Amino acid sequence: MTTVREIAEANVQREIRRRWLLTAPALIVIFLAAIGPLFVMLLYSFMVKGDYGDVKFGQFSLDGWFNVFFTRDIFDDTLTFADAHLSILWRSISLSLITTVTTLFFGFPTAYFIATRPQHQRDTWLFVVTIPFWTNILIRTFAMQEVLRNEGIVNSALMAMHLINSPIQIMFTNWAVLFGMVYVYLPLMVLPLYASMEKIDFRLVEAGYDLYATRIQVLRRIIIPLVNPGIIAGSILVFIPSLGAYVTPRVLGGGKSMMLGNLIELQFGQGRDWPLGAALSITLMVVVTLALLVYVRNASKGEGSHG
Amino acid sequence: MVNGKAAIEAIGVSKVFQSAGQDSMKALDNVSVAIRENEFFTLLGPSGCGKTTLLRLIAGFDFPTEGQILLYGEDIAPLPPYKRPVNTVFQSYALFPHMTVAQNISFGLEMLGKPKEEIEARVAEMLKLVQMESMRNRKTSQISGGQQQRVALARALAPQPKVLLLDEPLSALDYKLRKEMQIELKRLQHETGITFVFVTHDQEEALTMSDRIAVMSKGNILQVGSPRDIYDRPAVRFVANFIGETNFLEGTLISQAKGEAKITLYAGATITAILPDGPAPAGKVTVVVRPEHASIVAAGKKAKLPGKLVNIVYFGTDTHYHVALSKGGEFIVRHQNIHSGGTEFKVGQAVGVVFEDPAAQVLKD
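These protein sequence lines are chains Y and P, in that order.
Here the numbering used here is used: position 307 in the first sequence is 307, and no number is missing along the way.
To convert a position in the second sequence, counted from 1, into the numbering used here, add 1000.
Hints listed in this document are in silico derivations from the structure and should not be mistaken for laboratory results.
Since the model is a prediction, treat every value here as computed from it, not as a measurement.
Glycine included, each C-beta is placed from N, C-alpha and C at the ideal position.
Mixed in with the good hints, there may be bad ones.
Over 12 Å on every C-beta distance to chain P, these chain Y residues come out as not near it, computed from the model [stated by the list, open to error]: (1) 51; (2) 200; (3) 204; (4) 217.
Each pair of labels, with its calculated beta carbon distance range [what the hints assert, rightly or not]: (5) Y/137 with P/1142: 30 to 36 Å; (6) Y/147 with P/1145: 32 to 38 Å; (7) P/1145 with Y/292: 38 to 44 Å; (8) P/1280 with Y/113: 53 to 59 Å; (9) Y/299 with P/1145: 27 to 33 Å; (10) Y/219 with P/1133: 27 to 33 Å; (11) Y/219 with P/1116: 33 to 39 Å.
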């Protein structure tokens, strides 16, 4: 005999099964597209590298991770700290930070300008901001090369104005990479900033003026705290892809201003050291995660102290 | 026309809004008005009459196209809002959502660079004034509409402005709360002794709260006076029509003396009516009589204006009698229902309308 309780339990079981079944497509996509590849990377980083790329399956080795931090001399096998990797990591982080701050600096007034236009004009301005997305990033970066190279627009203009006698070397320096990244990521900063600003009731700004706040004080005490979610979102959207940027440093920075993305690509390409590449990728991910944790915690703390 | 000290004086103020591709809009047309110190002054008019524009010019959010705005004799028209000792209570309250109640109230004082102890004392005082002490650490989103209203008031009063501007602050509240806040506002004005300039489209609000009212229409001030003046002695048709209900009677002016005029109404009688200030009208004039200033009587000799009762509308506290006058036109009489029980009049009955002479007011137009 089946009791009421058994029937109820069977119902609960069936309900649970149905929920799993319904969420299965989403779970499969998440696993295959996001978590799965990460496991593959993790696995590869602990394998022996193959002779012509790839890895030797089943042969466990810590070499990949070892090579992230140390370099073994080819001739006498002495170990030295991998300062090249460190300097590339440091360049990636510092350039990404500067890119984030610079896009914020230029993006904030841009977003403010759009948000304060009449409704029908805003869409047009937003449209203008998104126009660069229509062109492939590689082409846009090569266009940037035309601007920055020795015979490019910037140098020609400066020389025509007799401000300089010989062209300034901009290409293949950190500056070129910075210019390129700011240009590429600026819309990613403007859009979330705009989304936050659009929600601001500009009567609050009037209320601020009315209560004796000057323009700077209104900006600091009213607008910035209210746009804070947009600042956080925009910074994340710019900082993360900057850290892993590949095309821009490759085209504008060359071999001298390499960033993490290029270093990783090198391992999977000419370097034929997939375990090292995988280990570097995971290192990059850990750096991003740590940076995000620190940033989000501090940013929301700043907001919390406000009220 | 200014007696006593004028807190705010607008002299020949015009404001034209120019927008690209469209006709320019004249929101204020050569407006002059003097607001006295410590008075509760109301700008009353329908939407689009320019009352909010005038308030924004005083606050400094907009600048006049022409004219001067004096604050205690000093022209403030070119000053930005943060340099004017004037504060505003906004229609939507515009409380800062990222701050607590207390932080909202202290904002103005902090911007003025007041010492910390003074700010704290003042905030406590303000919280007490608007009875919000227990809410000081709440976020503004966590309090009700009426409470937000109180915080907005406290925030605007905290820096002790010379003039407080209120832009339809009660319009978002429900009826009962609005009644309470009307009394509350009057009390605050009395206790603080600050000049209040109040903008509303609600005539009842204006009549109950104000010391003086300016009735505005289409960018002009039509009449300035005490609530009783405005109600009993409307100078122009718009004012008579906008505030309360009224009966318009056409007639011919026969003679005039000492502010009074003899007028033969087309409806029949010859009456004495009060003339408005300024140049007296002549010839064909309009006279207004408030429904409650007239009574209804049975047809007969006493009846000033004979007619027929066409409708009786019962309102609880009072009853409206619609009388079709014999010579054309309709006249409404309002009777206070002092005693319980029905009315002695019936629809269709021949009746007469009577009113005492001072009840009739001649309009300028």
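Results for each hint:
| no. | hint | result |
| --- | --- | --- |
| 1 | 51 | holds (61 Å) |
| 2 | 200 | violated (10 Å) |
| 3 | 204 | violated (5 Å) |
| 4 | 217 | violated (6 Å) |
| 5 | Y/137 with P/1142: 30 to 36 Å | violated (46 Å) |
| 6 | Y/147 with P/1145: 32 to 38 Å | violated (56 Å) |
| 7 | P/1145 with Y/292: 38 to 44 Å | holds (39 Å) |
| 8 | P/1280 with Y/113: 53 to 59 Å | holds (58 Å) |
| 9 | Y/299 with P/1145: 27 to 33 Å | holds (32 Å) |
| 10 | Y/219 with P/1133: 27 to 33 Å | holds (32 Å) |
| 11 | Y/219 with P/1116: 33 to 39 Å | violated (23 Å) |
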